[in-house]
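Engineer: The chain contents come next:
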Amino acid sequence: MRKLLLMCSLLILIVSEGYAQSRMIKGVVTDNASKPIEGATVVVVETQKATTTDAAGNFQIQAENGQTIRVSYVGSKPVSVIVAPDSKDIRIQFKDSNTALNELVVTGYTSERKKDLTGSVSVVDLTPVKNNSSGNTMQALQGRVPGLFIEKDGSVNGATSRILIRGANTLGNNDPLYIIDGIPTTRPEVFQNLSPSNIASVQILKDASAESIYGSRASNGVIIVTTKTGGNTEDKVAFQFNSTTSVESEKSLRFKMLNAVDRGKALWQASVNDGQDPAAGYGDIYSFDWNNNYANPVLNSVTPKPFVGGDPNTPVGNTDWQSVLYKTAIVTNNDLTASIGNKNSSLQINFGNITNNGLVKFTKYGRTTGSINALSHAFNNKATFGVNLKITNSNETLTTRDLGGASTTFLAVTLAPTIPVYQKDGTTYAGELGAGYSDRNNPLHMQDLAKWNNANRLNTFGNVFLEIQPIKNLFIKSNYGADNSNYLSKVITPTFTEGALSRTTNSLFFDQNHYLSTTWSNTIRYNYDLGANNHFKFLAGTEYIKTFTDFQTTKKEGFSLQTQDYFTLDAGTGNTTVTGKSVGNRLLSEFGRLDYNYSGKYLIALTVRRDGSSLFGSNNRYGIFPAASAGWRIDKEGFMKDQTLFSELKLRAGVGMVGNQAVIGDVSRYALYATRYGTTLAQLVGGFWEQYMNIGTAYSLSGANTGTLPSGFVQIQAANPDLKWETTKEVNAGIDFAILHDKISGSFDYFSRNTTGILITPPVASALGEGQTKIVNGASKSNKGWELLLTYHGQQHGDFNYNVTLNFSHFRDKITNLPENVRPAYPGNIDNTIIGHSQFDIFGYKTAGLFQSQAEVDAAPTQIGAGPGRIRYVDTNHDGKIDANDQTWIGTTLPALEYGSRIDLTYKQFDLSIFGSGVAGRKGFDVYTLFNNLMHSRENVGPGVFNGWTPQHTNTNVPALTLKDNNNEGRTSDYFIVNTSYFKIRNIQIGYSIQPKAIFTRIRVFAMAENVFIFKSKNYLSPDPERIDLDPVPIPKIFSFGVNASF
Amino acid sequence: MIFGSCKKALDYAPKGLLSTSDLKSSSTAAEGLVTAAYAAIGNGDMIGPIYSKWAYGSVRSDDAYKGGGGTGDVGEIDAMEHYNLVTPSMDAFVSRTWKNLFKSISRANVALRAVNSLSDAEYPKKKIRIAELRFLRAHSYFTMKLLYKNVPIFDENATAADILKVSNTLSNEDAWNKIADDFQYAIDNLPDSQSELARANKLAAEAYLAKLRLYQAYEQDANHHVTNINQTRLQEVVTLTQAVISSGKYSLSSDIGDNFLPETENGPESVFAIQFTINDGTTAGRLNFEDGLNYPHGAPQYGCCGFHAASQNLVNAYTTDVNGLPNFDTFNNTIANLATATVDPRLDHTVGIDGHPYKYDPTKPFSNSWVRDPGVYGNFHTMRDQQLATSSSYFKLGPFMGTAKNVDIIRYDDVLLMQAEAYIELGQQASALPLINQIRARAAASTGRLKKLDGTFPSNYNLQPYPVTNWTQAYARKALQWERRLEFATEGERFFDLVRWGIAETTLNDYINIEKVRRPFLNTAKFTAGRDEYLPIPQSEILFTNGLYKQNPGY
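Keeping their order, the protein sequence lines are chains A and B. Each residue of the first sequence is one higher than the one before, counting from 1 in this note's numbering. Each residue of the second sequence is one higher than the one before, counting from 1048 in this note's numbering.
Isolated chain A (complex conformation) (with noise of 0.2 Å):
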């Protein structure tokens, strides 16, 4: 530890005869990576007058010619500069490499010095990530930490698909805890929401010893996220302003999909092969020219019919039609934070605006944010009072879907060529007419006719605290916060009419729902020391969290006017129909932690919470989750005194108990009945069918066809007494490590977890009747896995600088433990069950290749639907036919390994940094294939299928065409599979600082492209490994130029 606390270096010291005249010195300091330090103290000696640098590493500071200024930094040794009279720029850096390890690591209702860490924590390093296009700091840690496994899409809110620390250990809910300012939220966009540049730290708390604070809703990680107070600017208000403006496009990312002569000619092909007359399924869009001989088919030409559905108003198209939905969108990210402080007290405003107009013609986003998060120490440092306050209103404009369900994004893929996007007048709308066609809508006229829906979300997040210190080493701090969500949706449905669809009732729909969690934590902490070497810190604290939820929903139909300023309750004539309903839940908690410390070298932590809830069943009212980990700082014994190798090695390992309780209701544990007057599934559970399935409890018993309907009861849950929380148990093991000087350092842990007590609802037995589902603590699963990180400091040469830093993580989950009833409604048969498998991997049946003859079609096991030319499917039970039960397990849609590298170089006055991650050992579905290599009788398919198999065409893998597809070769199947694995490069930064003479302290230009190079398997056909069906909005590359500014 000595040796490293004295690796402290001067980069620039400029010793020089000045004059005795006080003028203004600018300085930057930096860490030996040259990020830039913030908070690091700056003191001219002679004076005393004091600073700290700001986020940028920047002060400025009132000193004379021959003065000392003396920078010091928790954990580093202080560094001097003697004021030449030339100074007028001073950088300064910390080569010691520690200031990461005496970071205050925010491990729950207190923090720690990473170095006496003895749980799984990643402290993410967020210099990086600073500047993103997103504004959606979520997203763009996707890669950089390990253990941390992000999926996103391109849609213009910016929201994660998927977020799992260490990977699924549930069956239901996944989704990690966050705790912003000591205040727990289960929602992520609480902090997708925060401006970058007002994130202090976050920390990731990954195995359960370092979870188990949280209790029982900890067991799927926990993201803690401190904001930004402010500093001590000596009064001075310091402004900091970024800019970011962004080009998206994904046009290097579309699928390649037939034009409509040749879309006629597969089609043709394909009927021909099924025996069947192609004018009879397409003659109303093509005239085949042929031979009409099936033995010996000739086609001479295929003509599109000039009119779609003889309408004379709709001239045929060749619309590509991922041209016709997409378009460059440009995205603008400004945000501006404004500091001022002294000693006492600081005050940090910041304000950011984002706004994107969308790569689906008409969708569009909105963001702005503001917080001020205020700080206040009195009575000489006894008593710290704070408040941060975070405000958050954005609007949105999604993709929609069609009448029939389909999304736009997947219609741009598939629907059919030969419908234009316009009638012959070139305003109006066409769409699908006559014979052939799939009930399908024009894409581009959905999200025309969606442009006016809008989803309004209002977030306010903030939390006030009094810590007061009434004796030393004792701490007693309450924090009272909320979490208050407002969300506001309008769907706007006009009446249209395209082609031979339409919508004939126009209707106004708002949904919102109000939802607010209170949280009241109260802790008192303890430091007390037993003589020199024997260091304990206790903790015990109450948490009180109450959560409401209101529902509301509101239709209104009939609307003589179609404007957007129409649509308003008021104006509609037709049917009013309302819903809403009110959940809500408690969570009363105790808790306590203990950490003793032997002389720095032997760490142990012991931490244990009991949780009350009101979700929980009467007999398992509370739930105890206790911990203990330990840590062994290996070179500081004796017996490493003298070796070089090492400048840290750390052991670390945990045992803990967490809990979920995420997909218990906020009733699920009593019987209910409910009325029900004209309930739809939908409105339970959402679905496209279930819209039309009545679950009502109304009916007309007089006979009339209208009016108000008597209405019963009808029980909707049975009672579950013995309800409970998941229980995950897990060791980790870890070891820290800094070798040659720092110059390679690192992490690895290993962790293994079992989840018991899966929450599920089993389906029951039909017979047992309606309402008689309930949700049981049944399944079992584990989970191994590891992380590592490596970070390799580049030795300097001359203005040089470069590091390295790698991640790698590996997690492997499966279900240990499901009970027989509720493996139906998980993949798998009798002889292949989900046991030893995650929910993620795939289920289906193994191919080998394509019958070539009817020879080997009789020879083969039965296989209904075989023929020449079709896929042979393996009797993998070896019964002599193919059927459901030769199912097997064929691939996952979890990687084995995610891992990222960043590069990060520095020259003068330029910075680059160049990151990238993937994936690796994923097999899954390829969804190109089913489009590229199979017939659809409604969608468009790609040029795959003019390699289709024919008798005089054997050496291929696409089979013959078919629209009849009596081999059902749509199945889950190995045909689809192939390798996922991908590599990205995800954020290319070029910088250049300038230090400019007047107002601004330092301004950095910089320009960044995202995702512009994806390297995958070849056998994957699809444009995006990440996009893994047609559905989601494709992740585009992004240009950006920004600006980071201090004043």
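Any given hint could turn out to be false.
[Claimed, not checked] Derived pair list, reagent style DSSO-like, types lysine-lysine, alpha-carbon separation capped at 27 Å: (1) LYS251/A with LYS1018/A; (2) LYS343/A with LYS26/A; (3) LYS1597/B with LYS881/A; (4) LYS881/A with LYS1573/B; (5) LYS477/A with LYS1055/B; (6) LYS1062/B with LYS546/A; (7) LYS997/A with LYS236/A; (8) LYS1411/B with LYS424/A; (9) LYS364/A with LYS152/A; (10) LYS1062/B with LYS774/A; (11) LYS1055/B with LYS774/A; (12) LYS1055/B with LYS581/A; (13) LYS581/A with LYS1062/B; (14) LYS1062/B with LYS490/A; (15) LYS1055/B with LYS546/A; (16) LYS451/A with LYS327/A; (17) LYS774/A with LYS1212/B; (18) LYS424/A with LYS265/A; (19) LYS114/A with LYS743/A; (20) LYS1146/B with LYS774/A.
[To be verified] Pulled a few chain A residues facing chain B out of the computed Cβ check, cut under 7 Å: (21) ALA280; (22) ASP439; (23) GLY584; (24) GLY678; (25) GLY696; (26) TYR699; (27) ASN705; (28) PRO710; (29) PHE713; (30) ALA767; (31) GLY769.
Calculated directly from the structure, the hints in this document are not laboratory data. Here a beta-carbon is modelled for each residue, glycine too, at the ideal position from N, C-alpha and C.
Starting from the structure of chain A, add chain B where the hints point.
Structural biologist: Then chain B, alone, in the frame of chain A:
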């Protein structure tokens, strides 16, 4: 504070919901549960239907094809049309219908338990309501029996644990009798009329029990082969139907079309019907969406989805000879030329034909351009289960259509033909003749709505009563079977009739062999006797009960 009141701090009571204790000993709650049990028989599911039999009874028969956009569009029905149900684990239809019918049964049982727990003083209508609930329960079991044959039957006294021990291995005879007990209780305890007409009454229970006894009369062995026609049961059918007929409460409407229009629903012919409503304060109305796919696709006023296309065979069956009688033996030899042939007027109440008024609207005659997939399914469409877009009962939700028109479960024409059938099989065919001719006379008179805009009829109608001469039992049987087909065509009775009569295999394979030449999509269709008379027991239900249920033969 929060340290002191831990217990209270965790209290959170459900909002807007009732607990079991709220429902105890309250006649209001019991009445509400009865209402909910009625609601359940109308709680339809487009892909798990419980009241519309278009997929199960019409597409599986020779009346109609699936329709829609090719054979892959709602493939489950295509599988049923091809009798290709070798994989009984389909997620839609077979399993959902089973589930939905048991939802109805459980609502009746829940209500029965609540009603049973009240005294007559607390709940003066106790007996009547019990009778109604047993009627509703029997209705759902009867439907299940037609579809799955072997179903677990239990009553309201069965606890959850008991239910999980009730298998589906009850003999056919015992199963019918158990369901019959419910109808008999209803007959014994219901009044002839109820002030709320949607409620079951005594006559409806008699008619329904007659229907059950008629099915029961044709005794089946385990492989669905009809082994005997039980004369005692037939006699019961005669007695029960006679009670309905002689009550005078019901009669044939003057026009058969009255049965297919919302304006004339709950008319003199409606013995028991499921009620639907629109503009009732619910989101889309409590509508019949089970037939929601079945509108002409290309017609601008509908714009989806062209399912349930009439078969050529059915159209041919409506042709008549010079005597106005069916072409029993020659009807299907050629494709009927509708420009020259004489037909039964019921054709234009049933089938959408190019140029003929569709659903009685002469201003918008049916056009071949309305047809979705003529290459596969031909140019005919159906119309009985549909309403005009201009009807006040019609509502389009998303792509599909719903209607507030009742679904008739038992009509008076059915009562007449059930009695006629019983007479014929009893060898008393002379008594059947006037019944059948009553139906034919009404059909012949049902032309008022059929005229085109120019006042002419779209078809040449010639429909005559059967003469007394040559009215042998065999001829009468043939005439009865033909009459049932034409009277209830596309309403989903046909397949179940064929199975009851024991002629499903011969009739349907004969139909397929000719029809597949006209409609090659039927190439792979084949009806397998001993299997295809009934749906498979859903594999999921067998799993949920750990193999308690026995799969139907052949699956």
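Engineer: Decide, hint by hint, whether the structure agrees.
Structural biologist: Each hint tested on the structure:
no., hint, in the structure
1, LYS251/A with LYS1018/A, "holds (20 Å)"
2, LYS343/A with LYS26/A, "holds (20 Å)"
3, LYS1597/B with LYS881/A, "holds (23 Å)"
4, LYS881/A with LYS1573/B, "holds (20 Å)"
5, LYS477/A with LYS1055/B, "holds (24 Å)"
6, LYS1062/B with LYS546/A, "holds (15 Å)"
7, LYS997/A with LYS236/A, "holds (18 Å)"
8, LYS1411/B with LYS424/A, "holds (26 Å)"
9, LYS364/A with LYS152/A, "holds (17 Å)"
10, LYS1062/B with LYS774/A, "holds (18 Å)"
11, LYS1055/B with LYS774/A, "holds (25 Å)"
12, LYS1055/B with LYS581/A, "holds (23 Å)"
13, LYS581/A with LYS1062/B, "holds (7 Å)"
14, LYS1062/B with LYS490/A, "holds (26 Å)"
15, LYS1055/B with LYS546/A, "holds (12 Å)"
16, LYS451/A with LYS327/A, "holds (15 Å)"
17, LYS774/A with LYS1212/B, "holds (20 Å)"
18, LYS424/A with LYS265/A, "holds (26 Å)"
19, LYS114/A with LYS743/A, "holds (19 Å)"
20, LYS1146/B with LYS774/A, "holds (16 Å)"
21, ALA280, "holds (3 Å)"
22, ASP439, "holds (5 Å)"
23, GLY584, "holds (6 Å)"
24, GLY678, "holds (2 Å)"
25, GLY696, "holds (6 Å)"
26, TYR699, "holds (4 Å)"
27, ASN705, "holds (5 Å)"
28, PRO710, "holds (5 Å)"
29, PHE713, "holds (5 Å)"
30, ALA767, "holds (5 Å)"
31, GLY769, "holds (2 Å)"
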